[in-house]
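Q: If you read the sequences in order, they're chains V and E.
Position one of the first sequence corresponds to residue 3 (this note's numbering), numbered consecutively onward.
Position one of the second sequence corresponds to residue 211 (this note's numbering), numbered consecutively onward.
Derived by calculation from the structure, the hints in this document are not laboratory data.
Beta carbons are placed, not taken as given, at the ideal position from N, Cα and C, and that holds for glycine.
One or more hints might be untrue.
[Said to hold, decoys possible] To list a few chain E residues with every Cβ distance to chain V over 10 Å, as calculated:
{"#": "1", "residue": "271"}
{"#": "2", "residue": "279"}
{"#": "3", "residue": "286"}
{"#": "4", "residue": "295"}
{"#": "5", "residue": "446"}
{"#": "6", "residue": "513"}
{"#": "7", "residue": "578"}
{"#": "8", "residue": "580"}
{"#": "9", "residue": "597"}
{"#": "10", "residue": "602"}
{"#": "11", "residue": "607"}
{"#": "12", "residue": "621"}
{"#": "13", "residue": "665"}
{"#": "14", "residue": "677"}
{"#": "15", "residue": "708"}
{"#": "16", "residue": "726"}
[Claimed, not checked] To be clear about the criterion: a stretch of chain E counts as covered by chain V if any three or more of its residues have a C-beta under 8 Å from a C-beta of chain V, and this derived list gives those stretches:
{"#": "17", "segment": "565-577"}
{"#": "18", "segment": "584-592"}
[Said to hold, decoys possible] Calculated from the model, a selection of chain E residues having no Cβ within reach of chain V, i.e. all distances over 10 Å:
{"#": "19", "residue": "239"}
{"#": "20", "residue": "313"}
{"#": "21", "residue": "369"}
{"#": "22", "residue": "486"}
{"#": "23", "residue": "555"}
{"#": "24", "residue": "714"}
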Amino acid sequence: MLEGFARFARNRMALFGATVLVCLLLLVLLTPVIYPDDPFKLAGPALQPPGGRFLLGTDTLGRDVAAEIAYGARTSLIIGVGATLAAIVFGAVAGGVAGYYRGRTETVLMRITEFFQTIPAFIFALLIVAILSPSVSSEIIAIAAVSWPSIARLVRGEFVSLGGREFVQACAGLGASDARVIFSHMLPNCASSIIAVGSLLIGTAILLEAGLAFLGLGDPNVMSWGLIISAGRAVLRSAWWICTFPGIAILLTVLGINLIGDGLNEALNPRLRER
Amino acid sequence: MSQTVLELEKLTIALPSGADRANAVSDIDLVLRAGKVTCLIGESGSGKSLVARSILGLLPRPHVRIGSGRILFEGQDLAVAPQDKMRAIRGAKIGMIFQEPMTALNPLHTVGRQLDEVLRIHTSLGRAARRARVLELIDSVHLPEPSRIIRSFPHQLSGGQRQRAMIAMALLLNPRLLIADEPTTALDVTTQAQILYLIRELQREHGTSVLFITHDFGVVADIADEVAVLQRGTLVERGAAGAVLGAPTHPYTKALIAAVPKLVPPAPRPANTQPFIVEARDVAKTYGTRGLFGGRVTLALAGVTMELRRGETLGLVGESGSGKSTLARAITRLLAIDGGEILLGGTDIAQLSRRQLRPVRKRVQMVFQDPYASLDPRQRIIDIIAEGPIIHGTLPGKAREEAQALLCLVGLDASAAKRFPHEFSGGQRQRIGIARALALHPDVLVADEPVSALDVSVQAQVLALLADIKARLHLSMLFVTHDLRVALQVCDRIAVMKQGEVVEVAPTAEIFFNPQHSYTKALFAAVPGGTWQDRKAS
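So that you can see chain V by itself, here it is in the shape it has in the complex:
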């Protein structure tokens, strides 16, 4: 594990991504201290340009953009991480069962997975949120619902290849139960790929969340980056800062997470190591 960390740290881009993420986490943790007030509260005159009393200016209603972004970061991270965890758990179970038992179970589970993959992800997510009524939890459900198939396919593939390996057979030969083979041998051996792909999923989930909020399907009571951009788009030409700063926040976060994902993939995946 230490060795893996050293390999990760050798990758400059991944280190940059990790730095961005650490800054973001610090921002989220310190938000209640820096901006103790509700981000929806009117803080001053509307449409103040950045640099004055308000670091990043104010929006059309006179809310502090910097405070909005700080609170939005929390929303983005909660939804990104929550949706990814849900997708990993569900995808790993579906893919794992399919890859371990093969046969008819696999056919059924994989056809269901494919069914989910044929629906355009964003439209499907929109539909789910619209049905469940917009809230943080329904956003998590929607994003998880469109993200799990890729994890399921990955885990299934790993399980199929691990299933033929001699150490798995050896364990079965000792008389081990299915649960033991799956949880103590197969899952630990594909954990690295799951971590690598899962970290990339967080970035996608944050983008999806921003998109949903932009279209007005985010939780109306929770500040989010998509919501700020959505509110500011009408005055994009006169007050560029409202849309620009949350946009940069999204860009940096997703870029950072993707770089970490690539770094993890390289550090944990032996096939890519020799480069």
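Since chain V is already given, all that's left is putting chain E on it; use the hints.
A: Okay, now just chain E, sitting in the frame of chain V:
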């Protein structure tokens, strides 16, 4: 003295920092002469394959590179030759045959096209001339129906045919030097004998110089004119084949030759009259699927019957595809069978459910072929060995204590317990695999090619360990192997399998002196180095 084709002068190949030694090979001096076969022999990790690659300029640079020394070929130094010059030499003047012909051939192109491509790149021959040359070469490697072969894809040929196609490809341009890197290791013994004969024949015909890389002294005895022995990157002995094999001077060479299992009559063993512990009755197994769109079905076991007596070692000998591994897996119930019975101590275990099988699993344990794949890379050694007893209800603390004792029994240091599999060598891992099998106190040990992935010197140690443990713990053992020499050494009786059937079963001495079935005779005839060892034995 025949003409020198290639000369290695103080060749040193540097490894990246952090490798187990600074140089893969150091100060190698070797002369390859026209019309001679030079065998470079060494165990895994000796650097023998890197020598071959360095000649062709195919080292995995920049990690591994030529540190110093010269590779003289036709007056130029290949060690410093630029890549475009090397491209002109590779294939045209130096041909290469690899270990695994399936990966060396492009699976998407026909054999004919791949041979044709070589001619297209290196010559200005016209279409018809190229085709004629390809057919001529295919014919010269004794492939049947050349016109059909050139239209075949690699997967449509057998392993031996593919290797013949590779040889044809390597010889297309009449190279002065042919480098063969373990060309017969992936093949069955009978095929191996044919390929060795073919290489010898073609090499004599064309006066080609051959650098033959191998780990098998039997192969060396069959093919070599000159021998060079490589030990961890140093050339320890070099000379004419007869001299090196007959009267080795370096202790390493002596040890290696002593470790080669001999094709000699086994010591007579008292007949075993104990009751049967394992009986297979008409066991049948087919692989493949009969799906919605049809499918391919392979018959792996066609009604096999065999018995293993208590305390006996029964050898299952056969070539790949003979069904010997399938039978081993059927007896350990890692595979479900389609028909027949498997009796363990008189009760049929073939139809038991998973739950009913559990107590049976304790009694039959398996040692696997590949020591690298058969241990979970993420488990500590102690946990690997203790896992079986824990599954069967032993308290973890006690299971670990027993595992610690087993480590000692299989000849590993107690400190091994806390380490992970990748920190061990192949032989040590195989010992761990044996300890894992023994942890459940089985009655029957099924060993599926337990030493075929190991170097000869390690092979001998693991075989000795197995024999010792078997005697001490009164085990019965089913020993699956493709190597008759190993089978003669360890088995009381030998069952010869071919195409899913047992064609002959007899006590070891009987099968050695008086093989009945024609296939058994062919197997004995094909053992590499057979005649050399006959001479030594007599």
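Q: Could you tell me which of the numbered hints above are not met by this structure, giving the numbers in increasing order?
A: 7, 8, 9, 10
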